[in-house]
Amino acid sequence: MNPDKPKMGFFETIANIDRRVIFLFVGFAVIIPVLLSFSCREEATPIVQSIFDKIESLPEGSKVLMSFDYGPSTVPEVQPMVDAFLRHCCEKNLKIYMMALWGTGHNLISESMEDIIKEEFPHKVYGLDYVNLGFKAGQQGLINVILTDLKKMYTTDALGSEIDAVPMMVDIRNLKSFDLILSMGGGFPGIKEWVLFGGDPGNIPVAGGATAVSAPLLYPYYPRQLLGLLGGIKGAAEYESALIKGYPKFKTYSHPGIDMMGPQTVAHIVIVLFIVIGNITFFMGRKKEEEEKREGGALK
Amino acid sequence: MRRQIPLIITFIVGSVLIISVFIPHKPFGQLGENFSVYFDIIAVFAFILGAGNLLRVHGNRIYRKHKDWPYSVVTVAGFTVMMIAGLFKIGGSPGITGDLTEPGSMFEELYMYVFTPLMATMFALLAFFVASASHRAFRAKNKEATVLLLAAFVILLGRTPFGVKLTSWLPDPLSFLEIPNLASWIMSVPNMAGQRAIMVGIALGVIAMALRVILGVERTYLGADSE
Amino acid sequence: MKTFSYSFIFYCLLGLILLATTDGLAQVESSDSLLSPLLPPSEVIAEDHPGDAGGAIIVRWKLSPDEDKGITGYEILRSASPTAEFSSVGFAATGANRYVDANTEDSLTYYYKVVAIDADRNASESEISPPVRSSPQWFNFHLLNLLIIGGLICGAVIYFIAHAKKGKKFFLRKIAGLEAVDEAIGRATEMGRPILFIPGILDMDDVQTIAGITILGRVAKTIAQYETKLNVPTSRSIVMSTAMETVKEAYISAGRADAYSDDFVHYVTDEQFGYVAAVDGIMVREKPATCFYIGAFFAESLIMAETGNSIGAIQIAGTAMPAQLPFFVAACDYTLIGEELFAASAYLSGEPKQLGSLKGQDVGKIIAMLAIVIGALLETFFAISGSSFFGSLAELVHKLFSIVAS
Chain E
1 MNPDKPKMGF FETIANIDRR VIFLFVGFAV IIPVLLSFSC REEATPIVQS
51 IFDKIESLPE GSKVLMSFDY GPSTVPEVQP MVDAFLRHCC EKNLKIYMMA
101 LWGTGHNLIS ESMEDIIKEE FPHKVYGLDY VNLGFKAGQQ GLINVILTDL
151 KKMYTTDALG SEIDAVPMMV DIRNLKSFDL ILSMGGGFPG IKEWVLFGGD
201 PGNIPVAGGA TAVSAPLLYP YYPRQLLGLL GGIKGAAEYE SALIKGYPKF
251 KTYSHPGIDM MGPQTVAHIV IVLFIVIGNI TFFMGRKKEE EEKREGGALK
Chain W
1 MRRQIPLIIT FIVGSVLIIS VFIPHKPFGQ LGENFSVYFD IIAVFAFILG
51 AGNLLRVHGN RIYRKHKDWP YSVVTVAGFT VMMIAGLFKI GGSPGITGDL
101 TEPGSMFEEL YMYVFTPLMA TMFALLAFFV ASASHRAFRA KNKEATVLLL
151 AAFVILLGRT PFGVKLTSWL PDPLSFLEIP NLASWIMSVP NMAGQRAIMV
201 GIALGVIAMA LRVILGVERT YLGADSE
Chain A
1 MKTFSYSFIF YCLLGLILLA TTDGLAQVES SDSLLSPLLP PSEVIAEDHP
51 GDAGGAIIVR WKLSPDEDKG ITGYEILRSA SPTAEFSSVG FAATGANRYV
101 DANTEDSLTY YYKVVAIDAD RNASESEISP PVRSSPQWFN FHLLNLLIIG
151 GLICGAVIYF IAHAKKGKKF FLRKIAGLEA VDEAIGRATE MGRPILFIPG
201 ILDMDDVQTI AGITILGRVA KTIAQYETKL NVPTSRSIVM STAMETVKEA
251 YISAGRADAY SDDFVHYVTD EQFGYVAAVD GIMVREKPAT CFYIGAFFAE
301 SLIMAETGNS IGAIQIAGTA MPAQLPFFVA ACDYTLIGEE LFAASAYLSG
351 EPKQLGSLKG QDVGKIIAML AIVIGALLET FFAISGSSFF GSLAELVHKL
401 FSIVAS
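Protein chains in written order, with our numbering: chain E, 1 to 300; chain W, 1 to 227; chain A, 1 to 406.
Calculated from the structure, these hints are not laboratory results.
Predicted, not measured: the structure shown is a model, and the values here were computed from it.
Just to be clear, a hint being listed does not mean it is correct.
Simulated coverage check for chain E against chain W, where a stretch passes if three residues somewhere in it have a Cβ under 8 angstroms from a Cβ of chain W [said to hold, decoys possible]: (1) 39-50; (2) 65-74; (3) 183-196; (4) 267-273.
Cβ coordinates follow ideal geometry from the N, Cα and C atoms, glycine included.
Next comes chain E alone, as it looks inside the complex (with noise of 0.2 angstroms):
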């Protein structure tokens, strides 16, 4: 009896592993650490850090363009950056411009005006320091019309009030009275088309959030087209983390994007590890292939 074979019969069982362990490993590592409460700051990298400075840099009352371009299926990640990028943009006092190139966007923007600056900053007037635009369809075609024109798509903005009506949309003729243009979803419509046909063209800085499977489609527009870019749970972790440092209060406040990196870390570590077993039994599989075939040569 050869004594190798149990153990070759056990790493079989591990090449061959039902999907279904696989999965349930990962939803371990993801559970236990949000159960656990483990989370992880992160320090800012160059991509991040190029949109904090940016903001700060900002003189009071400068108007920055947000473009809700995301779904419920990406909220998790997404909506930390959001959360973020409102608190920064409402507590340097910028006048904040939403609207959204997705459908789903127009109910994303209600929530984050009631649980962000409702909440958070009640003394923020709708009209002067906020504005709600809503959602036009359009998509890339949306963006080449209100580069040169903003009114003639909105009329009104997402309460139905007269666009002249608001006062902070008085002096708003284009996309370049703005200061800078924050897209945050990395879909499409997305960053991609806000810097094709806004930031390029237009000549204004763009920056945003994307979830992590698009970011590295974007890095080649950073930094000459892309001001600067949050990558997935990671970037959000950094900006809350770059917020925290920059203003102490937000200490207090909620930061999921911090929270998250807990549990995806040892996410990671369990598909590193997975992958590490999956090319041990390979290399035992191929191992035993060679040893079958001398065999089999040596019996002829």
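Given the coordinates of chain E, assemble chains W and A onto it according to the supplied hints.
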């Protein structure tokens, strides 16, 4: 004639839109965005076709008790409920003239408490599928696969504080070997180089494809064989 | 006595007047110091914005000499007459020396002033600019380089298409994914299981969807000949209509019009994850033997590919979304990367004219490669030697391949 007219339209519209990129003067400068808006208007009306098709296909399956017909019941029911809730603004205080997404309305409640969690659930599946795909695909079968495997390790660990701690002991002259720095280098140098190369190839492919369509060499999308 | 009293009153009045005047002077002095402690910006020039449809004027100025003494920005004022009141049209940040006024009417003449402002709201106005009018242009010269390079590439594609018409054959490297199409369809036929074709989740205005539909047409013709069942769930209504027409024509041209059914192509939903949930359900229930993912995809790509892998289907993917390529490469048997997706239709048709267009793409690649190599070498030489000759040449190459914001 049935195929000639669409080809002529395609050629004229395609050529004019390309030329309009270079001519800012009215009416050319506005053509690109106008056509984008026209397409969106057509797409909205085309939705009626899609909805009709959905109801016909699934209605047929229910009627004929096709295999798995209960799933078709779920599809039709979901479609009908959302359609009625949105169209008639059920539960919203001003009634049918009110805002579609007014807080407390049935549409808004369904969106927030059914649709949103379902979408987040589907997106969350990616985390599990990434693990199973990585386990299966990242094998050091050859040199290229080994390089891919090592890059995956560095990126996976570099995205976490664990990766920072793992190599934080390295002395300053070797700081470029720290996992976060390596991860950053991989993303910003070879990854970006590869992405840019692929994007250049894609752009050229798009030019060739567009020219084939505009010149009528490629006609399969019309439902016709090429010339 | 009277003289004394008149004198007294006179001198009191004089004193009062002097007192008031001194205070006033002091106030004037203070307000003067409030109004203009700053030096104003100078050399204000306004000119028509080039390469646009009119309605915009560029205002340029020389920065105030007090730029580093607390200036917070510049306010741009405009008027229709040098003597009329000027009104504010915008602000520029400190350090900026240009502003685009995008709200002008082409028929009107404008005059501009630039005001330097500091944190204490002190302001200092420039001279008034010469008169200027905005006007539309017939050609955007900022895009001249794009026209030349685009013209070269398009010309090459057209040239090689024409060349191919004369019967010239071109060499094409093998693309594994396309070579495997027939094998994949044959596998499904042998197993008696359907073929699933996903043409992406974008609409017909995206060129990847057009590429997907053209490949669907070619694949459907082969499927018709094999009499295999086809399932094409679509995410957009216009794509559904186009795909239906394409598949129908493919069946007719294969001589199998009787085998065609309208149910082959059906609409699911526009919503990304609703669509992938439906596709996953189709895969798990109907267990297609072959899955094609040809078009534009986003985050749902891995969900579909992994589900397809779990049911043991042979999977051929093709997309021009660089972010999704790694997922398809990891989970699918064959992947068409980027331009291979656009070449696939020509490849599958085998027609010389279509293959000629692929040759034309190579000219574009040569231009790109030369520009990258020459630009990189010039930048390297400039960095090493510091010579302005290399610096200027590198700048020229950079400008040749950049689109300058107008």
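Outcome of the hint check:
Only residues whose C-beta sits within less than 8 angstroms of a C-beta in chain W count toward coverage, and the segment 39-50 of chain E has 4 of them, enough to reach three; the restraint holds. Beta-carbon proximity to chain W at under 8 angstroms applies to 4 residues in the segment 65-74 of chain E; the threshold of 3 is reached and the given coverage holds. Counting residues of the segment 183-196 of chain E whose C-beta sits closer than 8 angstroms to any C-beta of chain W gives 0, which falls short of three, so the coverage hint is violated. Under a criterion of three residues with beta carbons nearer than 8 angstroms to beta carbons of chain W, the stated coverage of the segment 267-273 of chain E is upheld, 6 such residues being counted.
Hint compliance for this structure: hint 3 is the single one not met.
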